[in-house]
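With the numbering used here, the residue at position 30 of the sequence shown is 48, and numbering never jumps.
Because the hints were derived from the structure by calculation, they are not lab data. Cβ atoms here follow ideal geometry from the backbone N, Cα and C, with glycine treated the same way. A couple of the hints might just be wrong.
[As the list claims (entries may be wrong)] Computed Cβ-Cβ distance ranges for the label pairs, DEER-style: (1) T110 / I54: 31 to 39 Å; (2) R66 / W97: 40 to 48 Å; (3) L81 / K42: 28 to 36 Å; (4) V19 / S116: 32 to 40 Å; (5) V123 / S79: 16 to 24 Å; (6) Y88 / E114: 36 to 44 Å; (7) K103 / T55: 32 to 40 Å.
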Amino acid sequence: VLTIIILALLTGNVSYKQITSFCKAEEEKLIEMLSITSKTLPSYSTIRRVMLGINIIDIQSILTSIINNYYSQKSQEDWIAIDGKSLKNTLTDYEEKSQSMLNVVSWFSQETKLII
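Please build the complete structure, drawing on both the sequences and the hints.
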């Protein structure tokens, strides 16, 4: 379920309804790609329940631990490239001077090849 949610989010589908629509539109591809034996994808309720159960602090802690285990800190300088993107269909307040949208920012270490 998490893999499907992540794929939906990466394609700009950020609400429960949009994620469910993504599942319906890409059903055959997702079932084949993820080798889903039940041949059915999660429902709106399942997606919502999973997303409500995610503790972002726990995920951040796990990710930090993984990064620390696989990428030791270097004493020498490293060049870090930073890039940001606004996700499609997340813009609100179109007419306002200050607009709200969902952004994704990535950091890339040229030395370790790590992307955060």
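**Asked** For which of the previously enumerated hints does the structure constitute a violation, in increasing order of number?
**Response** Violated: none.
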